[in-house]
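Visitor: Assemble the whole structure, with the sequences as input and the hints as a guide.
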Amino acid sequence: MTDTLIKVDLTKSPVDNENIHNRWHPDIPMACWVKP
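For the sequence shown, counting from 1, position 2 maps to 1325 in my numbering; every step adds exactly one.
Any given hint could turn out to be false.
Simulated DEER-style distance windows between Cβ atoms [stated by the list, open to error]:
{"#": "1", "residue 1": "1349", "residue 2": "1324", "range": "14 to 24 angstroms"}
{"#": "2", "residue 1": "1352", "residue 2": "1332", "range": "13 to 23 angstroms"}
{"#": "3", "residue 1": "1334", "residue 2": "1354", "range": "17 to 27 angstroms"}
{"#": "4", "residue 1": "1350", "residue 2": "1324", "range": "32 to 42 angstroms"}
{"#": "5", "residue 1": "1352", "residue 2": "1331", "range": "14 to 24 angstroms"}
These are calculated hints, taken from the structure and not from any lab test. What you are looking at is a predicted structure, and each value in this text was computed from that prediction instead of being measured. Here a beta-carbon is modelled for each residue, glycine too, at the ideal position from N, C-alpha and C.
Guide: Written out as structure tokens, the structure reads:
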């Protein structure tokens, strides 16, 4: 079974979900590394 990397609650706004943001920015750290 695969691991869940980030959980998203669709009943909340992106601001209220942890580790969710709308674009990449060099000052915002990555939430996780994904190995292809």
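Visitor: Each hint needs a verdict: does it hold in this structure or not?
Guide: Hint by hint, here is what the structure shows:
1. 1349 <-> 1324: 14 to 24 angstroms: 34 angstroms, violated
2. 1352 <-> 1332: 13 to 23 angstroms: About 21 angstroms separates the Cβ atoms of residue 1352 and residue 1332, which means 13 to 23 angstroms holds.
3. 1334 <-> 1354: 17 to 27 angstroms: 20 angstroms, holds
4. 1350 <-> 1324: 32 to 42 angstroms: 34 angstroms, holds
5. 1352 <-> 1331: 14 to 24 angstroms: 18 angstroms, holds
In this structure, only the earlier hint numbered 1 is contradicted, and the remaining ones agree with it.
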